[in-house]
Structure formats: C-alpha cells, structure tokens
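Chemist: Each residue of the sequence shown is one higher than the one before, starting from 1 at the first, in the working numbering.
I should point out that these hints are in silico values taken from the structure, not numbers from a laboratory. Glycine included, every Cβ here is placed at the ideal spot set by N, Cα and C. Some clues are possibly wrong.
[Stated by the list, open to error] Here are the computed distance ranges between Cβ atoms for each label pair: (1) V60 - V86: 34 to 44 Å; (2) R129 - R36: 18 to 28 Å; (3) R129 - A87: 33 to 43 Å; (4) A74 - R36: 12 to 22 Å.
[As the list claims (entries may be wrong)] Restricting the straight-line Cα-Cα distance to at most 20 Å, the calculated cross-link-like pairs of lysine to any residue (SDA-like) are: (5) K57 - L73; (6) K138 - P126; (7) K122 - P93; (8) K138 - G23; (9) K57 - F100; (10) K122 - D84; (11) K122 - A106; (12) K122 - I142; (13) K122 - S141; (14) K57 - R36; (15) K122 - S132; (16) K138 - A38; (17) K57 - D70; (18) K57 - S68; (19) K122 - R36; (20) K57 - T47; (21) K57 - T90; (22) K138 - R67; (23) K122 - F100; (24) K138 - D30; (25) K57 - I16; (26) K138 - T47; (27) K122 - A92; (28) K122 - A77; (29) K57 - L43; (30) K138 - D110; (31) K57 - I13; (32) K57 - S19; (33) K138 - K57; (34) K122 - D95; (35) K138 - T18.
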Amino acid sequence: MSSVAVVDTNVLIAGILTSAPLGPTARIVDGMLARRFAFALSLALLTEYRAVLLRPKIRVRHGLDERSVDEILARLALEAIVVDPVAGATTAPPDSGDQFLWDLLAALEDPVLVTGDGTLRKGDLPRGRALSPTSFCKAVSI
C-alpha cells in the first residue's frame, strides 16, 4: 500500500489503552512509532491526540503523566509526514468536530483514513478512502 495513513484519534487512544498488544490498534500505534508505514499528522490532529490523552478518565486508564504523553507525541511527530493543510478548504465532514481531519485528508495525494468510527468510514471523504483498524493492518501487513 503506497497510501499515506491518517490515524484517527480513536485508533491512537485505543492502541495505547488496549490490553491486547497484538490487536490491530496496538499494532498501528507500534507501526507509527517504528515507521512501518507512512502516516501524516497536522498540528490540529496532534493537538487532538494530546487533548484526548490528557482527559482525566483516559489518564487514569493509561497511567501516563503529561510528560510521558508529550514524549510519545514527539516521537510520533518525528516519524510522521507533517502537513499544514488549509483550514476549511474542503467539504464538511459528517461531524463538524472532524473538520481538521477532512482538511488533512484533502491536503494529501492518496490518503487512507484509519478509523474506528463507522460513520466516517461510510461517509464521503474529501479524498482517499477509509478503513477500519483491522482492514488497515491487513492492507499494510502489520
């Protein structure tokens, strides 16, 4: 697969929280950190990752302090293709809170959105296609 992945926040969080280290979301997070596939980040997506990882209920589950969260995100940013998309340059997503994802997808040549959100997988993307974590792992053989 030569596409560039955009990993939705729900996949990253699930990968960090999972107790199944061989599950698809854990393999995706491990694959991002080891650069086993190309993936893109924007400042908005990285900010979303951080905000969700630092939510009190999520912090209790993963047990990481703010510094550890920032270290993980810095590692991700070093491995990613960092894109500065034009905000609002695309059609509207099903949920207005996902506009930053749509902007990032529109800025990439051949993106694939990796998401656990069935609504996003069924919706019309501005560019590319959407896959579940399981389907993505099969497509990139991780």
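Chemist: Hint by hint, say whether it matches the structure.
Modeler: Each hint, compared with the structure:
1. V60 - V86: 34 to 44 Å: Since the Cβ atoms of V60 and V86 sit about 37 Å apart, the hinted range of 34 to 44 Å holds.
2. R129 - R36: 18 to 28 Å: At 20 Å between Cβs, range holds.
3. R129 - A87: 33 to 43 Å: This hint is violated: roughly 23 Å between Cβ atoms.
4. A74 - R36: 12 to 22 Å: Given about 18 Å between the Cβ atoms, the range holds.
5. K57 - L73: Answer holds: K57 to L73 is near 19 Å, not above 20 Å.
6. K138 - P126: 24 Å, violated
7. K122 - P93: 11 Å, holds
8. K138 - G23: Distance ~12 Å between K138 and G23 Cα, so the pair holds.
9. K57 - F100: Between K57 and F100 the Cα gap is close to 24 Å, so the pair fails against 20 Å, i.e. violated.
10. K122 - D84: 26 Å, violated
11. K122 - A106: At roughly 17 Å apart (the allowed maximum being 20 Å), A106 and K122 satisfy the hint.
12. K122 - I142: 24 Å, violated
13. K122 - S141: Violated: K122 and S141 sit about 23 Å apart, past 20 Å.
14. K57 - R36: 30 Å, violated
15. K122 - S132: At roughly 11 Å apart (the allowed maximum being 20 Å), S132 and K122 satisfy the hint.
16. K138 - A38: Answer holds: K138 to A38 is near 15 Å, not above 20 Å.
17. K57 - D70: Cα-Cα ~17 Å, so holds.
18. K57 - S68: Roughly 16 Å between the alpha carbons, so the hint for K57 and S68 holds.
19. K122 - R36: 26 Å, violated
20. K57 - T47: The given pair, whose Cα atoms are some 18 Å apart, holds under the 20 Å limit.
21. K57 - T90: Violated: K57 and T90 sit about 33 Å apart, past 20 Å.
22. K138 - R67: Judged against 20 Å, a Cα distance of about 33 Å means the pair is violated.
23. K122 - F100: OK: K122 and F100 at ~18 Å, within 20 Å.
24. K138 - D30: 15 Å, holds
25. K57 - I16: 14 Å, holds
26. K138 - T47: Violated, at roughly 28 Å.
27. K122 - A92: At roughly 14 Å apart (the allowed maximum being 20 Å), A92 and K122 satisfy the hint.
28. K122 - A77: 28 Å, violated
29. K57 - L43: 24 Å, violated
30. K138 - D110: Roughly 18 Å separates the two Cα atoms, so the pair holds.
31. K57 - I13: With a Cα-Cα distance of about 12 Å, the restraint between K57 and I13 holds, given a limit of 20 Å.
32. K57 - S19: Holds: K57 and S19 sit about 17 Å apart, inside 20 Å.
33. K138 - K57: With Cα atoms ~31 Å apart, K138 and K57 exceed 20 Å; violated.
34. K122 - D95: 13 Å, holds
35. K138 - T18: Holds - the C-alpha atoms of T18 and K138 are around 19 Å apart, at most 20 Å.
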